[in-house]
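Trainee: Listed below are the residues making up each chain.
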Amino acid sequence: MGLGNGMDSSHSAQKNSLGSRGTLKWRDGRNHVGDFQEGLEHGFGICLVPRPSEDRYDCYKCHWYQGKMRGYGICEYGNDLVYRGYFKDSVRQGFGILENFSAEHPFKYTGQWENDKKNGYGVWEDKERGERYIGMWLDDHRHGEGIVVMQSGLCYQRTFHADKMVGSGILLLEDDSVYEGNFTEELTFVGKGKLSLANGFVLQGTFSSRGGRGLSTHGVLSTTMENPNPVLFSSQLGLKEFPVEKRWTGIFEQFLEFLHSGCKEEMEESFTGFHIQTRNQEYLFCQALTVAFQATYSGIGANRHLLAMAQEEVKFYSKKIWEFYQGLLRVALERKGHTPSEDADPRLVGPSLVLPLILPGFYPELSMLYMLQHQREDELYCQGIVELSLFPDIQLLEFLDVQKHLWPLKDLPLTSNQRRSLIKDKCFLSATECLQKLITTVDPREKLEILRRTFQELELTVSRLPGAHSRLPMDDLLPLLMFVVSRAKIQHLGAEIHLIRDLMDPTNQGGMLDFLLTALESCYEHIQKIRLHPKENSHSS
Amino acid sequence: MAARGAQRPNGHSQPSKICQFKLVLLGESAVGKSSLVLRFVKGQFHEYQESTIGAAFLTQSVCLDDTTVKFEIWDTAGQERYHSLAPMYYRGAQAAIVVYDITNQETFARARGWVKELQRQASPSIVIALAGNKADLASKRMVEYEEAQAYADDNSLLFMETSAKTAMNVNDLFLAIAKKLPKTEPQSTNGAGGRGRGVDLSEQSPQGRTGSAAATEGSTGICWGQSWD
Chain Z
1 MGLGNGMDSS HSAQKNSLGS RGTLKWRDGR NHVGDFQEGL EHGFGICLVP
51 RPSEDRYDCY KCHWYQGKMR GYGICEYGND LVYRGYFKDS VRQGFGILEN
101 FSAEHPFKYT GQWENDKKNG YGVWEDKERG ERYIGMWLDD HRHGEGIVVM
151 QSGLCYQRTF HADKMVGSGI LLLEDDSVYE GNFTEELTFV GKGKLSLANG
201 FVLQGTFSSR GGRGLSTHGV LSTTMENPNP VLFSSQLGLK EFPVEKRWTG
251 IFEQFLEFLH SGCKEEMEES FTGFHIQTRN QEYLFCQALT VAFQATYSGI
301 GANRHLLAMA QEEVKFYSKK IWEFYQGLLR VALERKGHTP SEDADPRLVG
351 PSLVLPLILP GFYPELSMLY MLQHQREDEL YCQGIVELSL FPDIQLLEFL
401 DVQKHLWPLK DLPLTSNQRR SLIKDKCFLS ATECLQKLIT TVDPREKLEI
451 LRRTFQELEL TVSRLPGAHS RLPMDDLLPL LMFVVSRAKI QHLGAEIHLI
501 RDLMDPTNQG GMLDFLLTAL ESCYEHIQKI RLHPKENSHS S
Chain A
1 MAARGAQRPN GHSQPSKICQ FKLVLLGESA VGKSSLVLRF VKGQFHEYQE
51 STIGAAFLTQ SVCLDDTTVK FEIWDTAGQE RYHSLAPMYY RGAQAAIVVY
101 DITNQETFAR ARGWVKELQR QASPSIVIAL AGNKADLASK RMVEYEEAQA
151 YADDNSLLFM ETSAKTAMNV NDLFLAIAKK LPKTEPQSTN GAGGRGRGVD
201 LSEQSPQGRT GSAAATEGST GICWGQSWD
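Keeping their order, the protein sequence lines are chains Z and A. Residues in the first sequence are numbered from 1 upward in steps of one, following the UniProt record's numbering. Residues in the second sequence are numbered from 1 upward in steps of one, following the UniProt record's numbering.
Since the hints were derived computationally from the structure, they do not count as laboratory data. Please note: incorrect hints may appear among the correct ones.
For each label pair, taking beta carbons as the anchor points, the in silico distance ranges come out as [as the list claims (entries may be wrong)]: (1) Z:Thr440 / A:Asp66: 27 to 37 Å; (2) Z:Leu154 / A:Ser125: 39 to 49 Å; (3) Z:Leu239 / A:Asp66: 37 to 47 Å; (4) A:Thr166 / Z:Lys404: 24 to 34 Å; (5) Z:Phe201 / A:Gln149: 45 to 55 Å; (6) Z:Gln383 / A:Ala150: 41 to 51 Å; (7) A:Asp136 / Z:Thr224: 40 to 50 Å; (8) A:Pro182 / Z:Leu333: 36 to 46 Å; (9) Z:Leu239 / A:Ser125: 26 to 36 Å; (10) A:Pro87 / Z:Pro392: 26 to 36 Å; (11) A:Ser156 / Z:Glu245: 42 to 52 Å; (12) Z:Pro466 / A:Asp136: 52 to 62 Å; (13) Z:Arg531 / A:Asp65: 47 to 57 Å.
Facing chain Z, from chain A, some residues (calculated, C-beta under 7 Å) [as the list claims (entries may be wrong)]: (14) Asp75; (15) Met88; (16) Tyr151; (17) Ala167.
The beta-carbon is built from N, C-alpha and C at its ideal position, and this holds for glycine as well.
One chain only, chain Z, in its complex shape (with noise of 0.2 Å):
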């Protein structure tokens, strides 16, 4: 879709110093109004092309450099399709975005660009299929390693040549079973493969598709349950095929390329066209690498096999948007006179600084992902506070052998049977409104900062009571801890813990916030394994 110049063409123009701005008419229909330089096109422009058969027009609004369309732009095709992204030497080069609007195969290909076609990584969604491809791109076919993400759930990795699929995959489906082998774009296994069942039992064999429906094979099935794979279960995708340096290179080129150029402003926006509301120099190229997560990781992306790629991108963004910081600090100063200084070594303190920054503009994808990896475990814990929120307070005090004199009654001069209405789901409420503001915070740093003032709430109950050592040892802390987080009912506890400690600064391990981490997570698996039988329910009361 690239543009050549014209050779018979009217032009209008006026002029000024550094160029001028005009019109420039084609006999063909072309006209394109803008800036323009020794007669080229040259700075911001809008070219309208007339097609060859409709009675439409492709419009372009980009950059322009020596007549050439360069950086950043926006082509509205006259057939309904929409590219947002970087040109070079007047076709799609770098990162992009290509979306068919219109009703038939609306599609929509977010990724890199190589001489106007797709090539190298990127994410095709058919919109009308329901299905995501993540992976690598030839000349605008999906060849190499790829992913392939379904709105049932299901998803698999293959090995593309030429859009068809090749060799043997990985098919992850929605019940928990694995198949490793050969099978076709309609999920029939064929040839020689294997099928771990969710329950532990593999099937290994000859797989063969019986005309019509069904499923023939030649096999043989263990059943010996040794162990229901916990690595096929967790399986997660597309972290040796795509590394993650090498994916989304096209975003990060661009900047690299601003920085290179000496970051003058008036060439701010055709390097980052994507970013250009956002001035922050931090955010600046955020919003294109928040465009290409959701392209990947929402919708049918929250797939949870996808979990440790988004991860590794997020922090990898940290990393990136530090080294780019340090980029610009050393332009700046460059430009003052300053020799800029070598710090001791920024690197560690650096991405940890940017994480809490950008990690808002990918929470909602990665939270997401979160919940679907720890769904089972939650739903676990679910069952285990639902039956401990059976307990009245005094109950649950002495259900989880906390011992008597931290229970925090003592002072009240009351009937025992008072003292239940009375006191019933408050015991502990600071510490437990506390904790529950877990869910209200973004930042990793936030969320630990909340989990220390918790265990801060609690001393300070247990302080004020007559009798109780000022400092808890674990016996006395544990049971109380298991207390507020009963209490406090969070939702998706386990997803949040694991995202915590996933994100959170790694110089925190072994210290004091890992151990209060390990002390919520400890509770979160003991609520999950809680089931009350009749027996134990009339020793607790």
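Please build the complex by placing chain A on the supplied structure of chain Z, with the hints as guidance.
Mentor: Quick look at chain A alone, frame taken from chain Z:
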């Protein structure tokens, strides 16, 4: 984590590195786990030190010749019902103290169970110390010193009888652990003992984190100075 150090106001300064180690405390309730640690850190912390959680998480540093060893001490709940949660606490720990009460044979049996579990499940390089606490109650002794010593020898454990009450052997126990821990420079490897889960952006040694700072004391001993935070 590198170089978070403070120079002691009137101490002689000489270059030194700081190694941080996670140490986990295991043992039945009431054997005096936390008393032992409180005794060890006593005099060092301030009432409102930010980086402690009751007696459940504490830090204390020990000075060896050219190294400051900072312990991050993780207490665990000793109740049987919470036993199964222990692996979460000792994953990634570089040292463990398993405590029993010399006046209670059962707690010694329990301690042996902990040692077995650590040897099976914890990081393979973990340094394990066995502490027979309440040594001041010798008249009520139910676990013979020789028996415990022989058991420790068989399992290559550090062993001491301690008294949180009289402070007997408390500092010595931590010093002995500090000496036995590998004070290596940070490596770029991840993963030992479960520390490298997920993708770390920083390079970090699973064998303690090393940095450099001014030394507080040249000789071997406990640093009774400011905390390192």
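Trainee: Determine for every hint whether it applies to the structure shown.
Mentor: Outcome of the hint check:
Remark: the range hint 27 to 37 Å for Thr440 (chain Z) to Asp66 (chain A) is contradicted by a beta-carbon distance near 47 Å. The hinted window of 39 to 49 Å between Leu154 (chain Z) and Ser125 (chain A) holds, with their beta carbons roughly 43 Å apart. For the pair Leu239 (chain Z) and Asp66 (chain A), the beta carbons lie near 41 Å from each other, so the given range of 37 to 47 Å is met. A C-beta distance of roughly 30 Å is found between Thr166 (chain A) and Lys404 (chain Z), which places it inside the suggested range of 24 to 34 Å.
For the pair Phe201 (chain Z) and Gln149 (chain A), the beta carbons lie near 51 Å from each other, so the given range of 45 to 55 Å is met. In this structure the supplied range 41 to 51 Å holds for Gln383 (chain Z) paired with Ala150 (chain A), their Cβ-Cβ distance being about 47 Å. Distance hint for Asp136 (chain A) and Thr224 (chain Z): a CB-CB separation of about 55 Å, inconsistent with the stated range 40 to 50 Å. For Pro182 (chain A) and Leu333 (chain Z), the hinted distance range of 36 to 46 Å is satisfied, since their beta carbons lie about 41 Å from each other.
Remark: the range hint 26 to 36 Å for Leu239 (chain Z) to Ser125 (chain A) is upheld by a beta-carbon distance near 27 Å. A hinted range of 26 to 36 Å for the beta carbons of Pro87 (chain A) and Pro392 (chain Z) is consistent with their spacing of about 32 Å. A C-beta distance of roughly 44 Å is found between Ser156 (chain A) and Glu245 (chain Z), which places it inside the suggested range of 42 to 52 Å. Evaluation of the 52 to 62 Å hint for Pro466 (chain Z) and Asp136 (chain A) yields a failure: the beta carbon distance comes to about 28 Å.
Distance hint check for Arg531 (chain Z) and Asp65 (chain A): the Cβ-Cβ separation is about 54 Å, which falls inside the suggested range of 47 to 57 Å. Taken as an interface hint, Asp75 (chain A) checks out: its beta carbon lies about 4 Å from the nearest beta carbon of chain Z, inside 7 Å. Contact between Met88 (chain A) and chain Z, as hinted, is supported at the beta carbon level, the nearest pair being about 5 Å apart and thus within 7 Å. Residue-level restraint check for Tyr151 (chain A) is violated (minimum Cβ-Cβ distance to chain Z is 25 Å; threshold 7 Å).
Because the smallest distance between the Cβ of Ala167 (chain A) and any Cβ of chain Z comes to about 17 Å, over 7 Å, the interface hint for this residue is violated.
Hint check: violations occur at hints 1, 7, 12, 16, 17; the rest are consistent with the structure.
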